[in-house]
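Chemist: Order-wise, the sequence lines are chains A and B. If you read the first sequence in our numbering, its first letter stands for residue 1, the second for the next number, and so on. If you read the second sequence in our numbering, its first letter stands for residue 1, the second for the next number, and so on.
Accuracy of the hints is not assured; some may be wrong.
In silico lysine-lysine, DSBU-like type, Cα no more than 35 Å apart, as pairs [said to hold, decoys possible]:
#, chain 1, residue 1, chain 2, residue 2
1, A, K20, B, K311
2, B, K233, B, K199
3, B, K226, B, K188
4, B, K250, B, K233
5, A, K28, B, K232
6, B, K90, B, K376
7, A, K15, A, K127
8, B, K90, B, K374
9, B, K311, B, K226
10, A, K127, A, K175
11, B, K372, A, K28
12, B, K232, B, K188
13, B, K90, A, K28
14, B, K90, B, K189
15, A, K44, A, K127
16, B, K342, A, K28
17, B, K90, B, K250
18, B, K199, A, K28
Think of the hints as simulated: they come from the structure by calculation, not from any bench.
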Amino acid sequence: MFPELNNLLNITPDKVEQGKLTLLCDAKTDGSFLVHHFLSFFLKAKCKVCFVALVQSFSHYNIVGQKLGVSLTTAWERGQLVFLEALKTSLDIFFQTPAGPHPLQFLREASARNLQPLYAFVQEALKPEDGGEATWRHPVLLVDDLSVLLSLGVRAVAVLDFIHYCRATVCTELKGNLVALVHDSGDAADEENDLLVSGLSHQSHLILRAEGLATGFCKDVHGQASPSRVIGVRAACVHSHMWIQNTGLADSTQVHRKKAKGNTQKYCHGFSLGDFSFILLGYFAFMFL
Amino acid sequence: MAAAATCGAGAGSPGSVAAAVDRSSATSFQRKGPRAGGADGGGPRLVSIAGTRPSVRNGQLLVSTGLPALDQLLGGGLAVGTVLLIEEDKYNIYSPLLFKYFLAEGIVSGHTLLVASAREHPAGILQELPAPLLDDSYEKEFDEDGCNHKTPDSSMKMKIAWRYQLLPKMEAGPVSSSRFGHYYDTSKKIPQELLRTAKWHGFFLPERISPPLTVEPCHLTHGYMKLLEFIKKIVSEEGVDGSHPQKKTKNILRIGIQSLGSPLWGDDACCAEACDDSHSLTKFLYVLRGLVRASLSACLVTVPAHLIQNKAITARVTSLSDTVVGLESFVGSERETNPLYKDYHGLIHIRQIPRLNNLICDESDVKDLAFKLKRKLFTIETGL
Chain A
1 MFPELNNLLN ITPDKVEQGK LTLLCDAKTD GSFLVHHFLS FFLKAKCKVC FVALVQSFSH
61 YNIVGQKLGV SLTTAWERGQ LVFLEALKTS LDIFFQTPAG PHPLQFLREA SARNLQPLYA
121 FVQEALKPED GGEATWRHPV LLVDDLSVLL SLGVRAVAVL DFIHYCRATV CTELKGNLVA
181 LVHDSGDAAD EENDLLVSGL SHQSHLILRA EGLATGFCKD VHGQASPSRV IGVRAACVHS
241 HMWIQNTGLA DSTQVHRKKA KGNTQKYCHG FSLGDFSFIL LGYFAFMFL
Chain B
1 MAAAATCGAG AGSPGSVAAA VDRSSATSFQ RKGPRAGGAD GGGPRLVSIA GTRPSVRNGQ
61 LLVSTGLPAL DQLLGGGLAV GTVLLIEEDK YNIYSPLLFK YFLAEGIVSG HTLLVASARE
121 HPAGILQELP APLLDDSYEK EFDEDGCNHK TPDSSMKMKI AWRYQLLPKM EAGPVSSSRF
181 GHYYDTSKKI PQELLRTAKW HGFFLPERIS PPLTVEPCHL THGYMKLLEF IKKIVSEEGV
241 DGSHPQKKTK NILRIGIQSL GSPLWGDDAC CAEACDDSHS LTKFLYVLRG LVRASLSACL
301 VTVPAHLIQN KAITARVTSL SDTVVGLESF VGSERETNPL YKDYHGLIHI RQIPRLNNLI
361 CDESDVKDLA FKLKRKLFTI ETGL
């Protein structure tokens, strides 16, 4: 996990906010580093994590996780992590008829009307343990990523419904957190995706947006909305430094993080994000329905 | 739940190629060498597969695309377990060439091939592959007069290593070249001896389609469904998904699919904007990604992206592939007569490079890349 990001969001593994839906958005760049951050953060915070990994294999997350200081294999063995490796399990359901309901049932349908089996899987994975003390803190659902569901024939409305149900269970009922990644292409080419992004933005408490810059570091200040709860922050990652500039209510703080090559504990090996900027868009203190 | 159990079993897989020999499942992203934080006893047992090398950045196993210039731009080569998507140029002149380089590289390195096409029979495609330049004096052959390798210069060079003069200069028989990335002569066809020793499987769509065409269970185009089943069958037959742990020699399966998404595959993504099978192509790519990730294979797919009417599909296809390279040839365009581009045949756009087992990728700083094709060399140059 990245300490600067934690400082910015004012969270530590010991003090985690509960009941929040965080939306991760990426535009013209790869926002998966945010997923790796939150995965390692919540595992370190001793939360029970259900990770629906739709686009990459387990070993990919494991290897990056090791660079960030967590071992997914250990977490899985201890029961802290429930991992749905969709790339692998999709082969089982695709080539033969499943015996019972399967979380990836939508792959077999022409246009899946709902993601009910997937929701049932999440519910089962994160249900509180019966009897006695809980080994882990509040549950967390992490999804990487939601845009690929549209490519697989699921309608945007069905994905929105799925997130709504998960939010009701995970955030409200179980007082946990939900973190999901979507791709935002920006141009109006993919209407279903735009529908999904706007619908999710409306429901989220926190939106973290990673944008690709054409030429590197940009000194513009992002225009901030006026409500007093909004903290505008702009972070740009230029090659080996991560600048975080708080342009909102607090004083302007700039944090540099040097590239730490040999240190594989906290920072990733050779972490150099090229040119992309990372904007924290508004901290909506929403009371959702 | 069953899903949790199956992914649990997969999660136990180790992180080194060597250890995959004695475990039942092999995921493709494996480091060569000791595992970081490894509970595995006994030191690194490097099982080296012909025609591959580990990436210098993260130990990822790489194969050559057949074009050393492209390998360099992709960070050393194509990662095993990933899909390389080539967006075809407008008149489909250069993309078949890249397709052939990929297959020829597989034959020279001794890999198994799976060739799928809806237009040409795979046996015909293999006959047309370019001949590899294997003898060591290939540097001299780059100038167009093509000097004979028996010139006195070469014999003078051998003065110090005189023993090696006695060895034959050109390998005519079956080759197991240990070099990574070869050059090819497009004016010559691949020698028949090489083809005979090559192991390949072909998928020619007109032969595989069996009428009547009923609605497929997963609502994928019939052609795509058949191709996926074929790929799965070959992957498990060849044992590249680790299903034969007793097999000591491991090999890479190179999958080449030509013109995916074109109407010849039965997909109407290129014909209409709001098509009925709008998810066929993307579902196919997703399942292909799953198949390739779970095995020691590398896949090259060419797609006529400029024909796809619905731009949303183009964007989704890009995000479902790992590496995406676009070709833009100057043929027939106004750039053909532009003096800036007079030495070149077209532009290459590296649209996407994967971040595998890593938070960063080897993205090159230079975005203006142009290619030119000479008889024996396909170069990619920068900075127009």
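Chemist: So, for every hint listed, does it hold in this structure?
Modeler: Comparing the hints with the structure gives:
no., hint, verdict
1, A:K20 to B:K311, "34 Å, holds"
2, B:K233 to B:K199, "15 Å, holds"
3, B:K226 to B:K188, "34 Å, holds"
4, B:K250 to B:K233, "17 Å, holds"
5, A:K28 to B:K232, "33 Å, holds"
6, B:K90 to B:K376, "23 Å, holds"
7, A:K15 to A:K127, "22 Å, holds"
8, B:K90 to B:K374, "20 Å, holds"
9, B:K311 to B:K226, "26 Å, holds"
10, A:K127 to A:K175, "12 Å, holds"
11, B:K372 to A:K28, "29 Å, holds"
12, B:K232 to B:K188, "34 Å, holds"
13, B:K90 to A:K28, "25 Å, holds"
14, B:K90 to B:K189, "25 Å, holds"
15, A:K44 to A:K127, "20 Å, holds"
16, B:K342 to A:K28, "32 Å, holds"
17, B:K90 to B:K250, "38 Å, violated"
18, B:K199 to A:K28, "40 Å, violated"
Of the numbered hints listed earlier, those contradicted by the structure are 17 and 18.
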